[in-house]
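Chemist: First to last, the sequence lines map onto chains H and D. For the first sequence, the tail end lands on 901 under this note's numbering, and the numbers increase by one without skipping. For the second sequence, the tail end lands on 120 under this note's numbering, and the numbers increase by one without skipping.
Where hints are given, some of them may not hold.
FRET-style restraints, in silico, Cβ to Cβ [to be verified]: (1) Lys691/H with Lys78/D: 47 to 55 Å; (2) Pro48/D with Pro829/H: 30 to 38 Å; (3) Lys637/H with Ser27/D: 35 to 43 Å; (4) Leu76/D with Lys793/H: 22 to 30 Å; (5) Ile30/D with Ala668/H: 16 to 24 Å; (6) Ser794/H with Asp80/D: 27 to 35 Å; (7) His790/H with Glu107/D: 27 to 35 Å; (8) Lys761/H with Lys78/D: 40 to 48 Å; (9) Lys657/H with Asp106/D: 31 to 39 Å; (10) Gln778/H with Leu76/D: 40 to 48 Å.
Cut-off 27 Å, straight-line C-alpha distance, at most; resulting in silico cross-link-like pairs (DSSO-like, lysine-lysine) [claimed, not checked]: (11) Lys799/H with Lys640/H; (12) Lys687/H with Lys34/D; (13) Lys780/H with Lys756/H; (14) Lys566/H with Lys687/H; (15) Lys756/H with Lys789/H; (16) Lys771/H with Lys94/D; (17) Lys68/D with Lys793/H; (18) Lys793/H with Lys17/D; (19) Lys566/H with Lys691/H; (20) Lys771/H with Lys756/H; (21) Lys77/D with Lys761/H; (22) Lys34/D with Lys771/H; (23) Lys874/H with Lys640/H; (24) Lys566/H with Lys881/H; (25) Lys94/D with Lys699/H; (26) Lys687/H with Lys78/D; (27) Lys691/H with Lys77/D; (28) Lys658/H with Lys706/H; (29) Lys687/H with Lys118/D; (30) Lys767/H with Lys68/D; (31) Lys77/D with Lys612/H; (32) Lys34/D with Lys789/H; (33) Lys68/D with Lys856/H.
These are calculated hints, taken from the structure and not from any lab test. Backbone N, C-alpha and C fix where the C-beta goes; we use that ideal spot for every residue, glycine too.
Residue strings, one per chain:
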Amino acid sequence: MIKTDTLIIGAGPVGLFCVHQLGIIGLKCEVVDNLDKIGGQCIELYPDKPIYDIPAIPECTGEELTNNLIKQIKSFKTSFHLNERVEEIKKVEKKWLVKTNKGTAFEVSSIIIAAGVGSFEPRKFPTKDIEQFEDKQIFYSVKDKKIFKEKTISIFGGGDSALDWAIELSNTSKVILIHRRDDFRGMQSSIDKVNKLKEEGKIKIFTKYQLDSVQGKEKIESIGIKHEDKSIKEIKTDYVLGFFGLIMRLGPIAEWGLNLDKKTVPVNTESFETNKEGIFAIGDICSYPGKLKLILSGFHEGALAARGCFKYAKPDEKYRFEFTTSSKTVKGRLGIKE
Amino acid sequence: MPKITYIENSGNSHTIEVAKGLSVMEGAVQNDIPGIDADCGGGMACATCHVYVKEEWSDKLLKKEDGEEDMLDMAYEPNKFSRLSCQLIVTDELDGLTVSIPVKQG
Chain H
564 MIKTDTLIIG AGPVGLFCVH QLGIIGLKCE VVDNLDKIGG QCIELYPDKP IYDIPAIPEC
624 TGEELTNNLI KQIKSFKTSF HLNERVEEIK KVEKKWLVKT NKGTAFEVSS IIIAAGVGSF
684 EPRKFPTKDI EQFEDKQIFY SVKDKKIFKE KTISIFGGGD SALDWAIELS NTSKVILIHR
744 RDDFRGMQSS IDKVNKLKEE GKIKIFTKYQ LDSVQGKEKI ESIGIKHEDK SIKEIKTDYV
804 LGFFGLIMRL GPIAEWGLNL DKKTVPVNTE SFETNKEGIF AIGDICSYPG KLKLILSGFH
864 EGALAARGCF KYAKPDEKYR FEFTTSSKTV KGRLGIKE
Chain D
15 MPKITYIENS GNSHTIEVAK GLSVMEGAVQ NDIPGIDADC GGGMACATCH VYVKEEWSDK
75 LLKKEDGEED MLDMAYEPNK FSRLSCQLIV TDELDGLTVS IPVKQG
């Protein structure tokens with residue numbers, strides 16, 4: 564059981580800056596995120612896209628913003644629990660007990676939900692009746708590439724994941740790459756490589772096709788792929804890989820007894836606390852009159868939520884407002900030596 | 015104001031006046047039309063405002079910008095009439111546009 568003051572759910576920009584705001588007022592926190600890396604939507608959806616509306620930063624990419632935020636909180640030595648999703652929360656006396664899907668348990672006095680639109684999960688094939696083959700012959704990520712050796716693999720998708728795995732697996736497997744249109748959107752060097760492998764007969768490519776059906780009872784024997792013109796082609800295959808990026812799902816947050824307005828959590832604008840005492844929501848997931856889904860709004864929300872957490876973490880102390888420019892205590896927390 | 019018709023997958027149809035300058039996605043979200051999620055809020059980063067445009071309209075719309083087709087690769091059951099509704103800005107010319115909403119957004 565990890566005991567700390569606050570648990571932040573979500574390691575996106577807003578969660579990261581909130582670590583800073585908790586840190587400078589002397590509260591400890593840990594962060595859980597379902598992605599395998601820090602940065603949330605900034606790193607998953609637009610690492611290379613420039614952002615132009617971060618105050619005092621005329622232009623930066625999602626990745627640069629993330630890296631700078633990580634740098635800004637370095638002195639707090641925060642623990643990040645990546646690849647984990649918070650499943651359960653329970654109030655016991657004045658503490659919240661939190662459990663993740665990997666079994667990590669926390670005891671905290673407050674929780675800050677900075678979960679964006681929810682946790683990222685792989686997008687799946689829309690094809691009917693294929694769930695039974697998931698994690699057996701149909702995969703949305705590669706965990707153990709050894710199982711593919713000398714087998715026939717049908718890879719669906721047109722981005723870097725699809726191209727990279729087509730190239731990698733073509734060394735030891737028979738690879739068929741299937742995409743819904745002629746253009747691939749991955750890196751040009753990968754596209755060139757795939758085309759070269761195609762000429763060498765090491766990869767087969769079918770474009771303007773999508774998965775239509777799978778055949779086989781216990782095991783997939785073959786798949787049917789459908790052309791834009793509706794014609795169907797049968798392909799014998801041992802494994803099917805789908806790379807369609809990630810989608811955000813609210814997930815277990817919906818079951819915690821929080822008020823919900825569509826997929827957002829209403830909060831008060833004084834402390835960004837939800838209807839549950841000690842649970843706060845900031846960033847894209849919170850709603851209130853006038854809410855703007857901007858990173859800069861999330862920073863403000865995190866600053867106030869951090870102060871809101873103070874009374875739960877230190878009920879016998881009074882919170883005192885201090886500036887980073889003048890407070891020795893705050894500078895000490897930031898690791899600044901004078 | 016231009017009228018936009020949204021047809022849910024169930025067949026339910028909603029015809030709504032959408033102010034010029036708003037996107038077809040915003041028209042749906044502001045009027046609580048089910049089935050258009052728009053998780054990223056119109057940033058062309060999520061493909062959850064995917065719609066199918068009626069065939070007769072597909073040539074009248076502004077061409078897809080770079081990036082829209084890439085995002086549509088990730089949409090649920092895309093076809094050649096697929097568009098991201100956040101990229102369709104309502105103008106007088108779009109009066110009468112009909113879009114169909116997919117079974118789901120992902």
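Chemist: Hint compliance check: list the failing hint numbers for this structure, sorted ascending.
Modeler: Hints 1, 2, 3, 5, 8, 9, 11, 12, 13, 14, 18, 19, 21, 22, 25, 27, 28, 30, 32 and 33 are the ones this structure does not satisfy, whereas the remaining hints hold.
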